[in-house]
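Top to bottom, those sequences are chains A and B.
If you count by the working numbering, then the first sequence holds residues 1 to 117, one letter each, in order.
If you count by the working numbering, then the second sequence holds residues 118 to 210, one letter each, in order.
Since the hints were made in silico from the structure, they are not lab data.
We put the CB at the ideal spot given by N, CA and C, even for glycine.
Hints are not guaranteed to be accurate.
Claimed, not checked - With a cut-off of at most 30 Å between alpha-carbon atoms, the simulated DSSO-like pairs for lysine-lysine come out as follows: (1) Lys-109(A) - Lys-94(A); (2) Lys-137(B) - Lys-98(A); (3) Lys-98(A) - Lys-109(A); (4) Lys-167(B) - Lys-94(A); (5) Lys-167(B) - Lys-109(A); (6) Lys-167(B) - Lys-137(B); (7) Lys-137(B) - Lys-109(A); (8) Lys-98(A) - Lys-167(B); (9) Lys-125(B) - Lys-137(B); (10) Lys-137(B) - Lys-94(A).
Stated by the list, open to error - To list a few chain B residues with every Cβ distance to chain A over 12 Å, as calculated: (11) Asp-126; (12) Glu-131; (13) Leu-136; (14) Asn-138; (15) Gln-165; (16) Tyr-186; (17) Val-187; (18) Val-194; (19) Val-196; (20) Leu-198; (21) Ala-203; (22) Ala-210.
Unchecked claim - In silico contact screen, one side only, chain A against chain B (beta carbon under 10 Å); selected entries: (23) Arg-30; (24) Gln-34; (25) Leu-58; (26) Val-62; (27) Leu-81.
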Amino acid sequence: MLASALDDDDDVGKTLVLLRDGRKLMGTLRSFDQFANAVLEGACERVIVGEQYCDIPLGLYVIRGENVVLIGDLDTEREELPPHMIRVSETEIKRAQKVERELRGTMRKRMEFLDFD
Amino acid sequence: MLFFSYFKDLVGQEVTVELKNDLAIRGTLHSVDQYLNIKLENTRVVDQDKFPHMLSVRNCFIRGSVVRYVQLPPDGVDVDLLHDAARREARGA
Chain A
1 MLASALDDDD
11 DVGKTLVLLR
21 DGRKLMGTLR
31 SFDQFANAVL
41 EGACERVIVG
51 EQYCDIPLGL
61 YVIRGENVVL
71 IGDLDTEREE
81 LPPHMIRVSE
91 TEIKRAQKVE
101 RELRGTMRKR
111 MEFLDFD
Chain B
118 MLFFSYFKDL
128 VGQEVTVELK
138 NDLAIRGTLH
148 SVDQYLNIKL
158 ENTRVVDQDK
168 FPHMLSVRNC
178 FIRGSVVRYV
188 QLPPDGVDVD
198 LLHDAARREA
208 RGA
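For reference, chain A alone in the conformation it holds in the complex:
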């Protein structure tokens, strides 16, 4: 079923893979099977925090299918991201991720007194 996706070298069309842990990997899809195991060449992780984003290079990746949510064709003729988003460095995005993680942590603590079952 993904056979047409393997023909994507004509426009150097990249592929986006969404993982269950929320990570977004992008690269050239080289291989896959019926379990959605996949091989991504020249992969990078696109980290998005608010309006900021950063692409962290990863290299050659073999992804186990059970972690895969979605495999999508990135259309080369369209903008990959909304224009207002700002590209930042890896250090900067890691800092933003830390802040967001801590914020989510404190929000959860505030909600805990509500005793959701």
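Since chain A is already given, all that's left is putting chain B on it; use the hints.
Chain B alone, transformed into the frame defined by chain A:
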């Protein structure tokens, strides 16, 4: 096998697939397989602002195991036919 056959009959229809991670994708059902993996064409995300990374994705493969719902047009399906098929399947099993 029943739902596999059911989805095969729906190929070409416009559907919205809601995933377990709350992402909802609207598109044309291109194909389905025995695992109920879904391939959609001409996709657009329902809540684009929440999922900016999906902006340029037009065709995608969705792993069956991550689907929560498949929303269909109300007249897209003959419900009585489906009901009969389910009864037959239940009797057989």
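Hints and how they fare:
Among the hinted pairs, Lys-109(A) with Lys-94(A) is consistent with the structure: their alpha-carbon atoms are about 23 Å apart, no more than 30 Å. Restraint check: the Cα-Cα separation between Lys-137(B) and Lys-98(A) comes to about 25 Å, which is no more than 30 Å; the hinted pair holds. Using a Cα cut-off of 30 Å, the hinted pair Lys-98(A) and Lys-109(A) holds, with the two alpha carbons roughly 17 Å apart. For the suggested pair Lys-167(B) and Lys-94(A), the alpha carbons sit about 20 Å apart, so the restraint of at most 30 Å is met.
Annotation: proposed proximity of Lys-167(B) to Lys-109(A) holds, straight-line Cα distance about 24 Å (limit 30 Å). Under the criterion of a C-alpha separation no larger than 30 Å, the hint pairing Lys-167(B) with Lys-137(B) is consistent with the structure, at around 15 Å. For a cut-off of 30 Å, the pair hint linking Lys-137(B) to Lys-109(A) stands: about 24 Å separates their Cα positions. As the CA atoms of Lys-98(A) and Lys-167(B) are separated by approximately 20 Å, the hinted pair is consistent with the 30 Å bound.
As the CA atoms of Lys-125(B) and Lys-137(B) are separated by approximately 22 Å, the hinted pair is consistent with the 30 Å bound. Proposed proximity of Lys-137(B) and Lys-94(A) is supported: the alpha carbons are some 26 Å apart, at most 30 Å. No beta-carbon of chain A is positioned within 12 Å of the beta-carbon of Asp-126(B); the least distance is around 17 Å. No Cβ of chain A approaches the Cβ of Glu-131(B) within 12 Å, the least distance being about 18 Å, so the stated non-interface status holds.
Listed as outside the interface, Leu-136(B) is inconsistent with that label: its C-beta sits roughly 6 Å from the nearest C-beta of chain A, within the 12 Å cut-off. A beta-carbon of chain A is positioned within 12 Å of the beta-carbon of Asn-138(B); the least distance is around 6 Å. Against the 12 Å criterion, Gln-165(B) falls within the reach of chain A, whose nearest CB is about 8 Å from its own CB. For Tyr-186(B), the condition that its CB be more than 12 Å from all CB atoms of chain A holds, with the nearest at approximately 15 Å.
Here Val-187(B) stays apart from chain A, with its beta-carbon at least about 14 Å from theirs, past the 12 Å limit. Residue placement check: Val-194(B) keeps its beta carbon more than 12 Å from all beta carbons of chain A (closest about 22 Å). Distance check on Val-196(B): its Cβ is at least 27 Å (rounded) from any Cβ of chain A, clearing the 12 Å threshold; non-interface status holds. Once the 12 Å rule is applied to beta carbons, Leu-198(B) is consistent with being away from chain A; the minimum gap is 25 Å.
For Ala-203(B), the shortest C-beta to C-beta distance to chain A comes to about 26 Å, beyond the 12 Å cut-off, and the non-interface label holds. At the 12 Å boundary, the C-beta of Ala-210(B) stays outside the reach of chain A, the nearest C-beta of that chain being 24 Å off. At about 15 Å, the closest approach between the beta carbon of Arg-30(A) and any beta carbon in chain B exceeds 10 Å, and the interface hint on this residue is violated. The interface hint given for Gln-34(A) is met, as the beta carbon of that residue sits about 7 Å from the closest beta carbon of chain B, less than 10 Å.
With 10 Å as the threshold, the beta carbon of Leu-58(A) stays out of range of chain B, its nearest partner Cβ sitting at about 16 Å, so the hint is violated. At about 16 Å, the closest approach between the beta carbon of Val-62(A) and any beta carbon in chain B exceeds 10 Å, and the interface hint on this residue is violated. Of the supplied interface hints, the one on Leu-81(A) holds, with its beta-carbon coming within about 6 Å of a beta-carbon of chain B, less than 10 Å.
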